[in-house]
Amino acid sequence: MKKNHLLSVAVIVIALVILGYALPVTGRMSEIILTVEEESGRLAEADSSPKIIEITAKRFTFEPNIIHVKLGEEVIFRIKSADVTHGFYIDGYDYFVTIPPGEVVDVGPIIFDGPGKLKIRCAITCGPLHPFMVADILVEPNYVFPAFIFLTLGMFGATTLYISRGPSNRMLGVPLDKDVDLLRVKIVGPILKKILQWRGIHFALIWPNLLIFMIVLTTAFFGNPTGNKNFSIAVVWILWFAAVEFMILFAGRLWCTVCPLPAFGEWLARRRLYGVHSLRKWLSLGKKWPKSLNNMWIPAFGFLGISLIVPWLVTRPVVTGFLFLILIVLPLILHPIFTRRYFCRSVCPAGGYIGHHSNASILAIRCRNKTVCDKHVAKECIGGSPKGYGCPWVLYPGGNDQNTYCGQCFECLKSCPLDNMTLKLRMIGQDLANLATKAKDKFDEAWMDFIRFTLVITYQLVFFGPYFWFKDWGNMGNIFGANLATIGLLTPSFQGLSNWFGWAVIVGGTALVGYPALFYAFSWLAKKTAGDVEHAPKQVFLSFSYALTPYSLFLWLAFAITLVTVNWAYPLTAFSDPLGWGWNLLGTRFAWRPILPDFLPYFQLPIVLVGLALAVNSTYNIAVRLFGDHAKALRASTVMGVLHTLAALVFIWIISG
Amino acid sequence: MNEVMKKTVLLWESIALLLVVVAVAAFFLPLADGIFMPREPDEIVVRMSIKESGGFDPEVITVKKGQTVRLVLISMDVSHGFTVEGLDIDVKIVNPEKKVVVEFTPEEEGVYMFKCTVQCSPLHHYMRGLFIVEG
Ligand code: SF4
Ligand SMILES: [Cu+2]
Ligand SMILES: [Cu+2]
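Protein chains in written order, with our numbering: chain R, 942 to 1598; chain E, 6 to 140.
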């Protein structure tokens, strides 16, 4: 019976996907036939000369920034530069053209034989924002966009159909109450267990990252002032940033396991790098963390704050350098005072979202048997033993049922004498419903979701969208890269500052007020439609916000693949030439060349759609738990699904419309 | 804890401490330019940045008359050009993506001026240096 649901939904989804992808292709075919038919007429007119499109490249955009061409049309781009040397590259066409100032360069003729949105990208480093110097080419009629809309609506429909059958405690067909005890899997399990119980594992994992971190710090301050040529920018903001999103999905807070930032503080408080040592002495005062800070407000606002300066942060090494300096000094001060990982719990901006999104992860550290934990009086996982510290993240690991504050340091795996702690593989969203219904006053977590959700859409638009004014406002109109020696170049102009203010109001306003207000309106409507009278609107609002956790994680994954497939060459080159001085340490210097950029929307779409399905299904699971009634839950999640679908459509529009 | 265990713990602690020191030493990477990019005796590396962030590095290039030198031109930020006025060195464009190597044998003693020939920044026209041929 249950299998049947899954099968029918799978069939629907597959059919939709085929249909959706077929649409642009058939569109393209018919257009080709059309052009062939037109050809004779055209020849008669003797007007087969290609259309010439004039483009001016300037830091950091092309003008015009949105170019419309017809399917099958032959085009020559006539390009000149308004300032420095730029490059010219079109997704899917292998042109790497240099455009020096003072010259006019013709590119083409190019025949655009597929519909959709392609990007013109700058191919020659031209300044700090060079990697984000893009313009759109819309090959019209753009069948791809309606096809994508169709697929998005189809996904919403299919998911709603699926939940209308009342799947209990399942996520997209997979049961949520089942999981795999990874440490008991044949062959792999015992080996993994040995490794994780080895005292040196934490240090061994942190060390390489400490090395990389030191290189980040030094290159940020003293290396090449141009972002994409500098290790700190290329490795942190292209490689690390993207990798963390994937880590969250597959391994929860694994980043926090290997993170070097709090390491110095922790080592100092422990006065040990490897072994277990008694705490509560000199340099580990064990002070109480203020209750008012025991939440994720600081991380949430930290991430938003960072995002407000993100056009600078991810392009100016010195800005990145100062951020990381703060992020390593803070825990160094906090750790000896509060002894445990309060910095990671409630301060670190990365820790905040990594923790919150980890609730959508397929990995978790949990106890095997709750009753064993409850009956066990000594509870070494809290108090520690000679084999492992008591939970440095101030949890009771045995009773923990959420990933938010579990840093996956594996201490409880070592300290538990009853072998009751393990690594579990489970379906996305196992804990969400429970978490969401318990969230009575957790505005911090809701706003973390709103901030992360609106910002991923903003990022996609700012970095890979054609709207230069928006980029430029965020960038304060500054054209210089900077390291420590040239930091003065970042002094903003008055115009730049006032533009930035506008940007901050737009970005911050949407994240903090606009979208949450919309979300509140929808959740209120959902509650009304469901006919629920027992719960306060606030409760419904907060609970439903947890459905954004898997959703925004998936949108970030979609963003991450753009980041990596387009700019993978920069971090790889940076490993050979960290300072951007022309070294070649490892022989990994690569020329910039995006991987299948013309297919990017097709890669991103399925990720977005899975996110959408997860959001709708999570809302349903939360609503079932909250209202205790299938019919009510179905109605509520359909209403919320409309909002989630709208958001997906916005994202789809950015990548294909 | 018995003696043997204590000893192994101590061993691990020391190894770890040593590793931490090694990692922290990576901070001094910029000092290792000569090690990680060794120059041949006849090689002169010229790093080029827009004038605002330093211009040519070095700004004074000294060569010996009659001795062939290889100038390795590396652009740090945007595309630049490299021309020595009065000598036979004229590199039209050096893109940041690729270094350019020119070989040159100076025939006549003198002090020449080199400059960037590709519009590169507001202060582009001040991006210049001295090329000295000694006897
Ligand atoms: S919370 Fe931040 S500092 Fe702590 S381990 Fe995670 S990423 Fe590192
Ligand atoms: Cu450019
Ligand atoms: Cu120049």
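Check before you lean on any hint, since a few could be wrong.
[Said to hold, decoys possible] Calculated pairs, PhoX-like style, for lysine-lysine (alpha carbon to alpha carbon, straight line, at most 20 Å):
#1 E:K12 to R:K1328
#2 R:K1232 to R:K1383
#3 R:K1021 to E:K97
#4 E:K70 to E:K56
#5 E:K11 to R:K1328
#6 R:K1479 to R:K1379
#7 R:K1134 to R:K1365
#8 R:K1383 to R:K1365
#9 R:K1119 to R:K1328
None of these hints come from the bench; they were simulated from the model.
Take the C-alpha atoms of R:K1119 and R:K1328, compute the straight-line distance between them, and say whether it is at most 20 Å. 30 Å, violated
Pair hint outcome, E:K11 versus R:K1328 [Cα-Cα no greater than 20 Å]: OK: E:K11 and R:K1328 at ~13 Å, within 20 Å.
When you check the alpha-carbon spacing of R:K1232 and R:K1383, does it fall within 20 Å? Distance ~14 Å between R:K1232 and R:K1383 Cα, so the pair holds.
Satisfaction of hint between R:K1365 and R:K1134, Cα-Cα up to 20 Å: 12 Å, holds
Checking one constraint from the list: CA of R:K1383 to CA of R:K1365, max 20 Å. Satisfied? 26 Å, violated
Hey, E:K70 versus E:K56, does the alpha-carbon distance stay inside 20 Å? 29 Å, violated
Given the hinted pair R:K1021 and E:K97, is their alpha-carbon gap at most 20 Å? Satisfied, since the Cα-Cα distance of roughly 17 Å is no more than 20 Å.
Please work out if R:K1479 and R:K1379 have their alpha carbons no farther apart than 20 Å. 13 Å, holds
Checking one constraint from the list: CA of E:K12 to CA of R:K1328, max 20 Å. Satisfied? With Cα atoms ~16 Å apart, E:K12 and R:K1328 stay inside 20 Å; holds.
The structure fails to meet hints 4, 8 and 9 from the earlier list, while all remaining hints are met.
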